[in-house]
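J.: With the hints as extra help, turn the sequences into a complete structure.
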Amino acid sequence: MANIEPITGHYVRVPYAGEDYRVFYEEAGQGVPLVCLHTAGTDTREWRHQLCDADINSDFRVIALDLPRHGKSIPPTGWWKEEYKLTAQFYSEFLMAFCQELELDNPVIMGSSMGGNICLHLARQFSSALRALIAIEACDYSPGWWLDWLWNPQVHGGEACATSVYGLMSPQSPEEYRRETWWYYSQSGPGIFKGDLYFYSVDHDFREMAENLPGDIPIYFMTGVYDFACTPEMTEKTAKKVKNSECIIMEEIGHFPMCENPVTFKKYLMPVLAKILQTS
Amino acid sequence: MAAFDTGWMERWQALVNQDSVTKIIGRHLTTDVLLAFGETAYVVSFVGGTIPKVSSDIGPESTYTFALRGPAETWAKFIQPVPPPMYNDIWAMAHPLHGRLQIEGDVKVMWQNLRAFTWTLDLMRNVQE
Chain A
1 MANIEPITGH YVRVPYAGED YRVFYEEAGQ GVPLVCLHTA GTDTREWRHQ LCDADINSDF
61 RVIALDLPRH GKSIPPTGWW KEEYKLTAQF YSEFLMAFCQ ELELDNPVIM GSSMGGNICL
121 HLARQFSSAL RALIAIEACD YSPGWWLDWL WNPQVHGGEA CATSVYGLMS PQSPEEYRRE
181 TWWYYSQSGP GIFKGDLYFY SVDHDFREMA ENLPGDIPIY FMTGVYDFAC TPEMTEKTAK
241 KVKNSECIIM EEIGHFPMCE NPVTFKKYLM PVLAKILQTS
Chain B
1 MAAFDTGWME RWQALVNQDS VTKIIGRHLT TDVLLAFGET AYVVSFVGGT IPKVSSDIGP
61 ESTYTFALRG PAETWAKFIQ PVPPPMYNDI WAMAHPLHGR LQIEGDVKVM WQNLRAFTWT
121 LDLMRNVQE
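Protein chains in written order, with our numbering: chain A, 1 to 280; chain B, 1 to 129.
What the hints contain is simulated information worked out from the structure, not anything from laboratory work.
We put the CB at the ideal spot given by N, CA and C, even for glycine.
Please note: incorrect hints may appear among the correct ones.
[Said to hold, decoys possible] Just a sample of chain B residues kept apart from chain A, beta carbon distances all over 10 Å, derived:
#	residue
1	T31
2	A36
3	E61
4	Y64
5	A67
6	P96
7	L97
8	G105
9	Q112
[As the list claims (entries may be wrong)] Straight-line distance between alpha carbons at most 30 Å, and here's what the computed DSSO-like set of lysine-lysine pairs gives:
#	chain 1	residue 1	chain 2	residue 2
10	A	K241	A	K85
11	B	K23	B	K108
12	A	K267	A	K243
13	A	K81	B	K23
14	A	K266	B	K77
15	B	K108	A	K85
16	A	K267	B	K77
17	B	K108	B	K77
18	B	K53	B	K23
19	B	K77	A	K237
20	B	K53	B	K108
T.: Here is the structure:
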């Protein structure tokens, strides 16, 4: 018997702002829709462990998408004439357009890093269409990463981008998975990691807005102790401002819980998913 | 012999020169780097992923491409077998949020060689005290 994983891949056309985006996504399981967001400059592969986990996909329809310009989702027409800078507006509205195309009923959104930070924007504007948010490695402001060295023809973008994030991972995370995450980071298009970091470090500034979120859906903040871009203290400070939130600090984990240390991450994630199911 | 003295540096140099991975990923790592562990500084000469020379004679005529300067206490945490959070990586220590390490000079060369350079620094954790 071939050892075939339960993941299936699909392409869906997502109309947004006059463009017809061809978007790749992977999914597995049935149940409450759980949309998983990759980190800056990477793609759906970061979520392969959770997609394949029967303890998760037996209750959730786990969906991971490649944002436009990432993985197998091609850029919009005219990309070659502009500098890519991800904005909170595009990111949040595009995610909701994707969910609408798939007719997802009040999905849970779970994202890490920039995918965690966007949860705050989703909570502000789209909470009525969502069930819960799991904001991993997220905080209200994460400066210091919009760096020219990450997109410079004199520097190997793949090696530089990947190595710049390698130390964000915990030494206790299995080396095999840390190197695999490095591998993902070595493969994004020129300027894509940096363009994503425009959102992560510049356009995302929620310091004055976190206290004003409606609090009508739960937000679970989860941060690893080895994350030096979004430290546990930064997440805790943000979570204190956000109504209806919970803050979970994860030992022996860094900035990429789902792919650097999926076994340890699962211990922290399952109670969160159980709470979401109980209130669904 | 204490960490970061000349004997310790020689043992690190030997580890780098014996390391098979450095030979592969460091083929283009050719530059002089100043490493300052508190008041103790060295110019480390990399040539094609090996270290033929470490100079402790730092003076007005010393030249190097870029420098990493940090307190010895910071470096001591970095070289622990399991370094604590925020000390496990040079970018972690140097990031503006933390500022425990200063990176100065022609850092373009560092970014061009970041993979191999950080690999050699990680080998410091294997140096026998």
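J.: Now tell me if each hint is right for this structure.
T.: Here is how each hint holds up against the structure:
1. With a minimum CB-CB distance of about 14 Å to chain A, B/T31 clears the 10 Å threshold, and the non-interface call stands.
2. No beta-carbon of chain A comes within 10 Å of the beta-carbon of B/A36; the shortest separation is about 20 Å.
3. Even its closest Cβ contact with chain A, about 28 Å, leaves B/E61 beyond 10 Å, as expected for a residue assigned away from the interface.
4. The beta carbon of B/Y64 is kept farther than 10 Å from every beta carbon of chain A, the shortest such distance being approximately 19 Å.
5. With 10 Å as the threshold on Cβ separation, the claim that B/A67 sits away from chain A holds: the shortest Cβ distance comes to roughly 17 Å.
6. Annotated as non-interface, B/P96 brings its C-beta within 10 Å of a C-beta of chain A; the closest such distance is 5 Å.
7. The non-interface label for B/L97 is inconsistent with chain A: the shortest C-beta to C-beta separation is roughly 6 Å, within 10 Å.
8. No Cβ of chain A comes within 10 Å of the Cβ of B/G105; the nearest lies about 14 Å off, and the non-interface call holds.
9. Not every CB of chain A lies more than 10 Å from the CB of B/Q112, the least distance being 5 Å, so the non-interface label is violated.
10. A threshold of 30 Å between alpha carbons decides the hint, and for A/K241 with A/K85 the separation of about 28 Å falls inside it, so the pair holds.
11. Our distance criterion of 30 Å between C-alpha atoms is met by B/K23 and B/K108, whose separation comes to about 21 Å.
12. Proximity of A/K267 to A/K243 is assessed by CA-CA distance (about 25 Å); at most 30 Å being required, the pair is judged to hold.
13. The hinted pair formed by A/K81 and B/K23 fails the criterion: a straight-line CA distance of about 39 Å is larger than 30 Å.
14. As the CA atoms of A/K266 and B/K77 are separated by approximately 29 Å, the hinted pair is consistent with the 30 Å bound.
15. The hinted pair formed by B/K108 and A/K85 meets the criterion: a straight-line CA distance of about 23 Å does not exceed 30 Å.
16. For the proposed pair A/K267 and B/K77, the alpha carbon gap of about 28 Å is at most 30 Å, so the pair holds.
17. Taking the CA atoms of B/K108 and B/K77, the gap is near 26 Å; set against the 30 Å cutoff, the hint holds.
18. As the CA atoms of B/K53 and B/K23 are separated by approximately 16 Å, the hinted pair is consistent with the 30 Å bound.
19. Between B/K77 and A/K237 the alpha-carbon distance is near 26 Å, which keeps this suggested pair within the 30 Å criterion.
20. In summary, the hint linking B/K53 to B/K108 is supported, as the alpha carbons are separated by about 22 Å, within the 30 Å threshold.
The earlier numbered hints that this structure contradicts are 6, 7, 9, 13.
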